[in-house]
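Peer 1: Since each chain sits alone in its own frame, please combine them into the complex, following the hints.
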Amino acid sequence: MFIRLSAAIAAVSLLSGAALAQGAKPTDPQIAHIAYTAGLIDIAAAKQALAKASNKDVKTFAQDMLRDHEAVNKQALDLVKKLNVTPEDNDTSKTLSKNAVNKLAELAKLNGAAFDKAYIANEVAYHKAVDSALETTLIPSANNAELKSLLQTGLKIFQGHEQHAEHVAAELK
Amino acid sequence: MKPGRIFPIIAALMLGVSVSAQAATIQISMENLEIMPAQVSAKVGDTIEWINKDVLAHTATARNGDFDVMLPPKKTGTLVVTKAGTFEYYCRFHPNMKASLTVSP
Numbered sequence: 136m137f138i139r140l141s142a143a144i145a146a147v148s149l150l151s152g153a154a155l156a157q158g159a160k161p162t163d164p165q166i167a168h169i170a171y172t173a174g175l176i177d178i179a180a181a182k183q184a185l186a187k188a189s190n191k192d193v194k195t196f197a198q199d200m201l202r203d204h205e206a207v208n209k210q211a212l213d214l215v216k217k218l219n220v221t222p223e224d225n226d227t228s229k230t231l232s233k234n235a236v237n238k239l240a241e242l243a244k245l246n247g248a249a250f251d252k253a254y255i256a257n258e259v260a261y262h263k264a265v266d267s268a269l270e271t272t273l274i275p276s277a278n279n280a281e282l283k284s285l286l287q288t289g290l291k292i293f294q295g296h297e298q299h300a301e302h303v304a305a306e307l308k
Numbered sequence: 613m614k615p616g617r618i619f620p621i622i623a624a625l626m627l628g629v630s631v632s633a634q635a636a637t638i639q640i641s642m643e644n645l646e647i648m649p650a651q652v653s654a655k656v657g658d659t660i661e662w663i664n665k666d667v668l669a670h671t672a673t674a675r676n677g678d679f680d681v682m683l684p685p686k687k688t689g690t691l692v693v694t695k696a697g698t699f700e701y702y703c704r705f706h707p708n709m710k711a712s713l714t715v716s717p
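Line order of the protein sequences matches chains A and B. The opening residue of the first sequence carries number 136 in the working numbering; numbering runs sequentially from there. The opening residue of the second sequence carries number 613 in the working numbering; numbering runs sequentially from there.
Just chain B, with the same shape it has in the complex (with noise of 0.2 Å):
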């Protein structure tokens, strides 16, 4: 194999790791009642950590049905996004919880 053909294929390998590598994590609290950030932008593959410090269950839920996170009390739940779109989303325990998502491609 000559030299000029290793090369692309060195680039790909390395775009493919840092593609990957550009997935971000992207943290959402549930406190006292209240989702902070309300508005978050993620990229699809991107994960969304939600962490519930409240001694309370919440859900993060989609009004469109897309996911429906359990976040028990005290605990972290996680949801890699794999759709683009803006999604309006509320904890099913306590509906004044609202808060979106907006996810592109």
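If we strip away everything but chain A, and leave its shape as in the complex, we get (with noise of 0.2 Å):
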């Protein structure tokens, strides 16, 4: 529980701290860069779990992922390629990409029942971090009417994406 809680904590700062530690809103085109990286990295751990992960459940939550967070981010290209916006590389998506390279490692070590459980309390941590980052942080930030919409939209599929988890995590108890 503990480590489950601090990682969440880490995960929750390393979004809305990074960021605000500096005391300047993120700009549009940075956080649509941080919109989709959060993106990749749940792509990234979904196929590290359909490769690893045991439980019927998980495999079925991790195609789950795949396929909305791919969904989300070809919007997302589609949005930024509309709106003639290149995206931005920022302090808060490089934190985001390399803690998530060191969580990739840290699960590539388990096996079976502990890697599903791992798998999943980092997908209840994660999602709530990124809802988290957009509610307080990334929607409210956003300049432009039409990102704003995704970035809501993606909210909503995330808090449900957060909800789906929590219920596999109970499950896997």
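All clues stand as given, with none of them false.
Okay, derived cross-link-like pairs now, DMTMM-like style, lysine to aspartate or glutamate, Cα gap no bigger than 25 Å in a straight line:
#	chain 1	residue 1	chain 2	residue 2
1	B	K710	A	E205
2	B	K686	A	D213
3	A	K160	A	E281
4	B	K687	A	E281
5	A	K216	B	E643
6	A	K252	A	E241
7	B	K687	A	D213
8	A	K291	B	E700
9	A	K209	B	E643
10	A	K283	B	E643
11	A	K283	A	D224
12	A	K263	B	E646
13	A	K160	A	D266
14	A	K160	A	E223
15	B	K710	A	D192
16	B	K665	A	E297
17	A	K209	B	E646
18	A	K263	B	E643
19	A	K291	A	D213
Some chain B residues judged to face chain A by a derived CB distance under 7 Å, without partners named:
#	residue
20	L645
21	V667
22	L668
23	A669
24	F705
25	H706
26	N708
From the structure, some residues in chain B lie toward chain A, with a derived Cβ separation under 10 Å:
#	residue
27	N644
28	E646
29	D666
30	P685
31	R704
32	P707
33	M709
No lab work stands behind these hints, which were simulated from the structure alone. Since this is a predicted model, take the numbers as computed values, not measurements. The beta-carbon is built from N, C-alpha and C at its ideal position, and this holds for glycine as well.
Peer 2: Given below as structure tokens:
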């Protein structure tokens, strides 16, 4: 429990803290980059889970994550192209990616039920962190109405993922 | 054939035609992860048409296993209802999306 909680806190502070610590609101090109990066991270996690997970519900969940995050990221790419915005790398995206690489390596060492539990626990924490960052930072900071609306749709989808992950986590106990 | 006999036949034919013409198509939209309207009434023989307006894939899946309609992003799926009853259904990919379909004979 402690590990999971600290992971969630770390993830939350990474997402909201890094960008906010500088006292500057992220710009639209930065927001687009953060949102897209956050999607890629969950896609990578889902692919790892599809290869390693043993529980049927965990595999189904990973498939759902892959399908939805790929769809949302495609939508995000289409939007930045349409708006002629070039996503801009930034500290939040960098920290997110670095953290995700470490998490993938950590999960790679686990197998069977231990992997399933750790993957789902991280999915709960990760979606919580992303949802909170969307709600408190990314959506309020977005200037472009279409970007804001895509982020709002994303939030709704990811809140569903969070509940779905919590449900699967409870079933695994 | 006497005219008196022909009439019921014509009436039956007309009735037959009018019965099938009454079979309706009922549209239900899936947008922003919501099924609208969430409660729909239909009659046996009607067609239910789910319109997925999202960029996400959805399904219309009966809890009792009676139907499972795949709805790819921005696509429409249909089902002709053949059985009376109340069918609770949801999206397998987004279990928060729930609705019910009541079919009368």
